[in-house]
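There are 2 protein chains.
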Amino acid sequence: MKNTADKRKIIDIGDVAPSRKDFFVIGVFNPGVAQYKDEVILLLRVAEKAKSSGCLNVPIFNGETNAVEVKSFDLNDPDYNFKDPRVIYGKHRNYITSMSHLRLARSRDGIHFTVDDKPAICCQNKLQGYGVEDARITRIGDVYYIAYSSASEYGIVESLSVTKDFKTYEHKGAIFAPDNKDAAIFPDKINGKYYALHRPSSSEYGKPEMWIAESDNLTCWGNHRHFMSVRDGMFDSGRIGAGCVPFLTDEGWLELYHGATKENRYCLGAVLTDKNDPAKILARSRVPFMEPTEEFERNGFFGNVVFSCGCIARGNDVDVYYGAADKAVGLARIALRDILADMS
Amino acid sequence: MKNTADKRKIIDIGDVAPSRKDFFVIGVFNPGVAQYKDEVILLLRVAEKAKSSGCLNVPIFNGETNAVEVKSFDLNDPDYNFKDPRVIYGKHRNYITSMSHLRLARSRDGIHFTVDDKPAICCQNKLQGYGVEDARITRIGDVYYIAYSSASEYGIVESLSVTKDFKTYEHKGAIFAPDNKDAAIFPDKINGKYYALHRPSSSEYGKPEMWIAESDNLTCWGNHRHFMSVRDGMFDSGRIGAGCVPFLTDEGWLELYHGATKENRYCLGAVLTDKNDPAKILARSRVPFMEPTEEFERNGFFGNVVFSCGCIARGNDVDVYYGAADKAVGLARIALRDILADMS
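Top line first, the protein sequences correspond to chains Z and L.
Residue numbers for the first sequence follow the working numbering, beginning at 1 and rising by one.
Residue numbers for the second sequence follow the working numbering, beginning at 1 and rising by one.
One chain only, chain Z, in its complex shape:
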């Protein structure tokens, strides 16, 4: 199965109100997904920039006032390099030109969504000073565990927030130390342990690859093991990371992950692991089951990207919600047998 998925764009930046009058939305993408009562819930990543004229205004969390403020940069300031539209490189510290928060959207049919006016989860401490990104939602019993990444001047960490109603969220702190992102918690204890996939970045010897960790309580994690490698010459040669929250099939746990080439073309692949040992890999996609082929996937804020943080398994089909080109949200309905067919 290649590119035969039923794909459509379901949310774009025009559907999302900015969180403040002095901000504007530049991307809505990479949603976390959950079935909550009779609705599909998305926790959208909404990226915003601050309106600027003359100078460059950048949203930044102030750890002393505990609030998001706007910092103005003089474009002629020789202490900063403004050439990259995404990052300001400074003498002592770098800044990101945009800031993301998580926004709730809800739908009864899973296709047509109503987006909240206000953020659900914003940066709330100094480890999240550049915003919060890429939620993955795991339901265990009637509790929803939301793992998401955040960048700051201290690095990139993976945090955990918990909710029962998608109205109030309890923050449980950083669960993986920097640099780490792309954490997906398995939705059940397996042989008495919780498991999570995560993606540390090694600065010296290692590559951006997937790891697996264990926990008794979902907030403290240990027994970190290397889970899966990049593959030279294939669609996942540059970097890989967890995509959707894994779900159980007749064949074992199925994880839909993202793989990028060194040229940053992001596709989706799948990995199947043992029902009783999620660290034991049984099969892996030989080719991606989804690639950036549509116009809205090829062109956006950062082109040639399909990137998923969540899906809903519906019997023989999987509804994969995904970020397209770091700008919009797409939905692909894919037959489970098509994903499994290209694995070995």
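By construction, these hints were calculated from the structure, which means they are not laboratory data.
The C-beta atom is built at its ideal place from N, Cα and C for all residues, glycine as well.
Possibly wrong hints are sitting among the right ones.
Reference listing, derived: stretches of chain L covered by chain Z, where coverage requires no fewer than 3 residues with Cβ under 8 Å from a Cβ of chain Z [said to hold, decoys possible]:
#1 170–183
#2 213–225
#3 275–281
#4 285–292
Listed below are the simulated BS3-like cross-link pairs for lysine-lysine, each with C-alpha atoms no more than 27 Å apart in a straight line [unchecked claim]:
#5 Z:K207 / L:K91
#6 Z:K83 / L:K207
#7 Z:K126 / Z:K21
#8 L:K83 / L:K193
#9 L:K71 / Z:K126
#10 Z:K207 / Z:K164
#11 L:K126 / L:K21
#12 L:K118 / L:K207
#13 L:K51 / L:K71
#14 Z:K172 / L:K83
#15 L:K71 / Z:K207
#16 L:K126 / L:K167
#17 L:K262 / Z:K280
#18 Z:K91 / L:K262
#19 Z:K172 / L:K51
#20 Z:K9 / Z:K71
#21 Z:K193 / Z:K172
#22 L:K193 / Z:K207
#23 Z:K207 / L:K172
#24 Z:K118 / Z:K71
For chain Z, the structure is supplied; the task is to place chain L on it using the hints.
Chain L only, in chain Z's frame:
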């Protein structure tokens, strides 16, 4: 107090037998320290190289055979760069020219040590493929928790092994994902939680600084928080990391840490934290309480380094065991009031 410590070299490479006939010892340094019955125990880091003639032989763990083997490099092989005596830079993968293990030494007076002939802890899995390094030993009840780092092609992780007798060791896996080193576990629960200092390396935004984490069971860790920063223009401007296992004083928890300049001159400083909240910093060394001044600290395998992984508090004095120039072990007896005097 500067450089007035009573310092002496107590173990050098001539005191340590190689672990194999085809290896030779290039450094014995950075020991973990524990009081065990009526003896002071050191877990020495012993770095070895493989004997070579013509080619370059390198010790490497083979994950398939689960054994340390010797890999031969042809010095004319164009796929590798051999200019750095410590690291071989390859097209697809780098190698370290030496491999470390942990070796036990024991002493009744804390000064004169008998070094075991055989390793206590060697690399035992693929995450430790380039060896194990820099043990820090925390006694809780009658159990000794040994945190130590290891490098491999997958990055640098911090692992935990446990012993009651320094004869058998139970391996508990990697407690911090890559890249991470310099973990020191506090020797008591504080308000119902265990705490550890650790040193993640961020590849993008963060700096090599100290963090603190919490645990219920010492094997799984969470609530990672940034603990302490480097300081421009000071002895700890380049990188900092935990040194000794923290110990309780009348003023609070005292942590003796290492701070290096960007030019890699390693000194020892101290940080004092609240008795009931180890994340709350009360005071920090304005100047190092120990600097590399002696010949054996200035010249060795990697010069201008004093680096401690453990100490024994003896009332008004602290016996600081330390690695000198990545080659030998030193012992400094320092008055506690001298360490505290230079803090603010």
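Hints versus structure:
no., hint, verdict
1, 170–183, "holds (count 9)"
2, 213–225, "holds (count 12)"
3, 275–281, "violated (count 0)"
4, 285–292, "violated (count 0)"
5, Z:K207 / L:K91, "holds, 14 Å"
6, Z:K83 / L:K207, "holds, 23 Å"
7, Z:K126 / Z:K21, "holds, 24 Å"
8, L:K83 / L:K193, "violated, 47 Å"
9, L:K71 / Z:K126, "violated, 46 Å"
10, Z:K207 / Z:K164, "violated, 36 Å"
11, L:K126 / L:K21, "holds, 24 Å"
12, L:K118 / L:K207, "violated, 37 Å"
13, L:K51 / L:K71, "holds, 11 Å"
14, Z:K172 / L:K83, "violated, 47 Å"
15, L:K71 / Z:K207, "holds, 22 Å"
16, L:K126 / L:K167, "holds, 23 Å"
17, L:K262 / Z:K280, "violated, 42 Å"
18, Z:K91 / L:K262, "holds, 15 Å"
19, Z:K172 / L:K51, "violated, 51 Å"
20, Z:K9 / Z:K71, "violated, 34 Å"
21, Z:K193 / Z:K172, "holds, 19 Å"
22, L:K193 / Z:K207, "violated, 33 Å"
23, Z:K207 / L:K172, "holds, 24 Å"
24, Z:K118 / Z:K71, "holds, 22 Å"
Going through the hint list in order, the structure does not satisfy hints 3, 4, 8, 9, 10, 12, 14, 17, 19, 20 and 22.
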